[in-house]
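Trainee: Start from the sequences, fold in the hints, and give me the full structure.
Same order as they appear, the protein sequences are chains A and B.
Take the first sequence: its position 45, counting from 1, is numbered 45 in the working numbering, and each next residue is one higher.
Take the second sequence: its position 65, counting from 1, is numbered 65 in the working numbering, and each next residue is one higher.
Since the hints were made in silico from the structure, they are not lab data.
Keep in mind that this is a model prediction, so the values were computed, not measured.
Possibly wrong hints are sitting among the right ones.
Here are some of the chain A residues that sit facing chain B, going by a computed Cβ distance under 8 Å [what the hints assert, rightly or not]:
| # | residue |
| --- | --- |
| 1 | 61 |
| 2 | 79 |
| 3 | 81 |
| 4 | 86 |
| 5 | 88 |
| 6 | 94 |
| 7 | 102 |
| 8 | 104 |
| 9 | 106 |
| 10 | 113 |
| 11 | 117 |
| 12 | 126 |
| 13 | 128 |
| 14 | 138 |
We treat Cβ as the ideally placed atom computed from N, Cα and C, and that holds for glycine.
There are 2 protein chains.
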Amino acid sequence: MGETEIVIEPGKQEILIKHIADASRELVFKAFTDPEIYAKWIGPVDMETELKLFEPKTGGSWKYIQRDEAGNEFGFHGVNHEVEPNERIIGTFEFEGLPEKGHVILESVKFVELEANKTEIQEQSVFLSVEDRDGMVGSNMEQGVRESYMQLDELLKSMQG
Amino acid sequence: MGETEIVIEPGKQEILIKHIADASRELVFKAFTDPEIYAKWIGPVDMETELKLFEPKTGGSWKYIQRDEAGNEFGFHGVNHEVEPNERIIGTFEFEGLPEKGHVILESVKFVELEANKTEIQEQSVFLSVEDRDGMVGSNMEQGVRESYMQLDELLKSMQG
Numbered sequence: 001m002g003e004t005e006i007v008i009e010p011g012k013q014e015i016l017i018k019h020i021a022d023a024s025r026e027l028v029f030k031a032f033t034d035p036e037i038y039a040k041w042i043g044p045v046d047m048e049t050e051l052k053l054f055e056p057k058t059g060g061s062w063k064y065i066q067r068d069e070a071g072n073e074f075g076f077h078g079v080n081h082e083v084e085p086n087e088r089i090i091g092t093f094e095f096e097g098l099p100e101k102g103h104v105i106l107e108s109v110k111f112v113e114l115e116a117n118k119t120e121i122q123e124q125s126v127f128l129s130v131e132d133r134d135g136m137v138g139s140n141m142e143q144g145v146r147e148s149y150m151q152l153d154e155l156l157k158s159m160q161g
Numbered sequence: 001m002g003e004t005e006i007v008i009e010p011g012k013q014e015i016l017i018k019h020i021a022d023a024s025r026e027l028v029f030k031a032f033t034d035p036e037i038y039a040k041w042i043g044p045v046d047m048e049t050e051l052k053l054f055e056p057k058t059g060g061s062w063k064y065i066q067r068d069e070a071g072n073e074f075g076f077h078g079v080n081h082e083v084e085p086n087e088r089i090i091g092t093f094e095f096e097g098l099p100e101k102g103h104v105i106l107e108s109v110k111f112v113e114l115e116a117n118k119t120e121i122q123e124q125s126v127f128l129s130v131e132d133r134d135g136m137v138g139s140n141m142e143q144g145v146r147e148s149y150m151q152l153d154e155l156l157k158s159m160q161g
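Mentor: Structure follows, in structure tokens:
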């Protein structure tokens with residue numbers, strides 16, 4: 001299972017994430033766009049994800065709620081600018097728990113097949129300000145990302161029998 | 001009619017634009033969301049804009065073509081993450097004429113009423129890279145922005161009789 005590399009450069013309004021999955025990019029893309037599979041791996045290990053809306057296509061919208069063991073709920077939503085099968089997903093992302101609306105993130109995910117059954121997931125999050133980014137970093141985002149990809153790796157393994 | 005302030009800081013992956021319009025923010029918001037009005041002011045003076053798709057609402061998509069006097073066509077499209085009446089429009093933007101797809105921009109437009117009939121339009125464009133931003137700046141974007149707002153000012157004046 002691959003490492004997850006997270007780059008948070010001081011003063012920049014972006015986060016770069018790279019993760020190498022032991023699977024074809026078709027399978028990785030499926031894990032990002034099949035609602036049942038996606039809900040199983042996205043988010044920290046101690047949270048359950050419930051998809052409220054999931055339209056993994058260009059122009060589609062999505063919305064999900066993550067629930068921790070104490071019953072606290074965290075909502076997220078966005079729109080898909082482009083979903084190009086096996087290639088990339090580009091869209092917006094907003095956490096609904098912030099004090100005010102409008103702190104939107106541009107999210108780009110690219111799937112690059114390095115060799116057979118080895119796909120690099122290149123994720124980029126671009127923020128409206130460095131403050132928005134640092135707020136996200138301060139919310140234990142890194143752990144959530146690592147746990148998500150750990151769960152994704154396990155699922156991909158089980159999907160390949 | 002107001003000045004248009006454009007801030008392009010070296011090394012940043014964003015462009016900030018401010019323009020003060022002599023109109024209520026309801027009227028300015030209308031100029032951004034009424035298809036007939038919007039097509040009249042968006043873009044440089046020597047181009048005509050044809051809206052192909054225009055859904056100024058949360059989750060909506062848009063697409064337009066701008067045509068110069070020689071008949072050259074330039075396509076643009078995106079999705080609206082949020083359209084909050086009289087408050088803000090946040091969404092994505094992509095120029096279809098680039099060598100490859102995926103160079104998407106996050107666009108945030110806020111309408112701030114400074115006093116009666118004086119509204120500051122606060123526009124922010126955030127890019128996936130400094131190179132993407134500098135490429136946009138090198139495409140005579142600034143002149144296009146200034147001409148757009150000049151045309152908007154004229155339209156807002158005529159709309160108020």
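Trainee: The structure should be examined with respect to each hint, and the outcome stated for every one.
Mentor: Here is how each hint holds up against the structure:
1. Below 8 Å, beta-carbon pairs count as interface contacts, and residue 61/A has one with chain B at about 5 Å; its hint therefore holds.
2. For residue 79/A, the suggested interface contact is upheld, since its CB lies about 4 Å from the closest CB of chain B, less than 8 Å.
3. Taking 8 Å as the C-beta cut-off, the interface hint given for residue 81/A holds, the closest approach to chain B being about 4 Å.
4. Annotation: interface hint on residue 86/A violated; nearest CB of chain B at approximately 14 Å, more than 8 Å.
5. With 8 Å as the threshold, the beta carbon of residue 88/A comes within range of chain B, its nearest partner Cβ sitting at about 6 Å, so the hint holds.
6. For residue 94/A, the interface hint holds, the least distance from its beta-carbon to any beta-carbon of chain B being 7 Å, beneath 8 Å.
7. Here the hint on residue 102/A is kept, as its CB sits about 6 Å from the closest CB of chain B, short of 8 Å.
8. A least Cβ separation of about 5 Å between residue 104/A and chain B falls short of the 8 Å threshold, and the interface hint therefore holds.
9. Among the interface hints, the one on residue 106/A holds; its C-beta lies about 4 Å from the nearest C-beta in chain B, closer than the 8 Å criterion.
10. Evaluation of the residue 113/A hint against chain B yields a violated restraint, the C-beta minimum of about 17 Å exceeding 8 Å.
11. The criterion of a C-beta within 8 Å of any C-beta in chain B is not met by residue 117/A, whose closest approach is roughly 24 Å, and the hint is violated.
12. For the restraint placing residue 126/A at the interface with chain B, the shortest Cβ-Cβ distance is roughly 5 Å, inside the 8 Å limit, so the hint holds.
13. At a threshold of 8 Å, the smallest CB-CB gap from residue 128/A to chain B is about 6 Å, leaving the interface hint in force.
14. Among the interface hints, the one on residue 138/A is violated; its C-beta lies about 20 Å from the nearest C-beta in chain B, farther than the 8 Å criterion.
When the structure is compared with the earlier hints, violations turn up for hints 4, 10, 11, 14 and for no others.
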